[in-house]
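Make a model of the complete structure from these sequences and hints.
These are the residues of each chain, in order.
2 protein chains.
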Amino acid sequence: MSIESSFIDSALRGWKSNVDRTAKLFGALTEEQLLQEVAPGKNRLIYLWGHLAASSDALFPLLGFGARLHPELDSIFISNPDKSQNTPTGAELKRIWVEVHDALWTAFSKLSPSDWLQKHAAVSEEDFRLEPHRNRFTILLGRTGHLAYHLGQAKLAQQQ
Amino acid sequence: MSIESSFIDSALRGWKSNVDRTAKLFGALTEEQLLQEVAPGKNRLIYLWGHLAASSDALFPLLGFGARLHPELDSIFISNPDKSQNTPTGAELKRIWVEVHDALWTAFSKLSPSDWLQKHAAVSEEDFRLEPHRNRFTILLGRTGHLAYHLGQAKLAQQQ
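Keeping their order, the protein sequence lines are chains A and B. Numbering-wise (this note's numbering), the first sequence opens with residue 37 and increments by one. Numbering-wise (this note's numbering), the second sequence opens with residue 37 and increments by one.
Honestly, the hints are just simulated from the structure, not real lab data. Please note: incorrect hints may appear among the correct ones.
Straight line, CA to CA, 20 Å or less: simulated SDA-like cross-link-like pairs of lysine to any residue [as the list claims (entries may be wrong)]:
1) B:119 to B:87
2) B:78 to A:75
3) A:52 to B:78
4) A:191 to B:192
5) B:52 to A:167
6) A:155 to B:49
With the C-beta cut set under 7 Å, the calculated list includes, among others, these residues of chain B facing chain A [stated by the list, open to error]:
7) 39
8) 135
9) 188
We put the CB at the ideal spot given by N, CA and C, even for glycine.
What follows is the structure, encoded as structure tokens:
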């Protein structure tokens with residue numbers, strides 16, 4: 037494996053590990069447990085899960101892979117707060133989770149090292165010239181951290 | 037910047053961002069707030085902070101940078117559970133946090149791309165030949181995720 041590919045391999049392992057841990061934790065909860073709040077007065081577990089699914093789904097256009105698979109998740113789990121919208125069931129989210137992450141994995145696997153360093157869709161050509169770190173690879177690392185951040189919260193609630 | 041260096045740059049930005057967010061969150065808490073539990077019956081905030089400081093300090097030998105600066109943190113924050121040991125104050129942890137992360141940053145900055153792909157100290161030469169992803173770079177990404185995981189938990193407690 038080339039040096040460049042080794043860095044991508046590490047990052048993809050980290051991503052996959054967090055995706056799998058998230059699926060395992062939420063997938064083991066009952067529909068009733070998913071409706072519990074992470075902490076008193078805070079978001080429900082179903083909202084955290086849907087928020088992470090919506091964030092992953094948003095990677096398709098952001099990374100130039102094409103249209104989103106589930107744009108309907110945005111108004112439920114990103115642009116509106118918890119308890120303001122009807123949410124899908126856990127069974128539906130489980131199916132969506134697999135669908136989105138399988139398709140992302142396929143798209144990730146096709147990128148070369150230099151593809152990973154191309155700009156993402158939310159930065160202009162001009163800004164990217166000044167800030168070349170605003171690339172696909174940085175997005176991958178950032179979203180991995182985002183998964184870990186909310187996974188830690190869900191773990192806390194699960195153990196209560 | 038070379039392709040290899042770009043991947044390291046992204047990873048170091050992710051590390052630094054999480055180190056800084058952690059310092060900011062915990063550094064803003066009073067000594068009294070640090071003694072509060074993250075959730076009922078769970079670890080206190082001071083324990084999470086010390087646990088993260090101890091984990092970072094453990095990177096010195098793990099990544100081949102030399103001896104730990106604060107090995108005494110281990111029995112307090114890693115090998116023993118919360119509330120079983122006397123803990124340093126928040127003021128002390130704040131000083132330790134800066135000391136450890138400044139020294140790590142200096143050590144990180146000296147590594148070349150191929151240095152990042154060398155094995156870490158907790159894997160044997162033999163295992164490393166079979167699993168070359170068990171390198172310094174993977175450790176950096178994993179510890180960044182570990183920071184984000186507990187940062188999410190602390191954020192939840194902070195807002196209560």
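Practice prompt. Check each numbered hint against the structure and report the violated ones by number, ascending.
Written response: Per hint list: 3, 8 violated.
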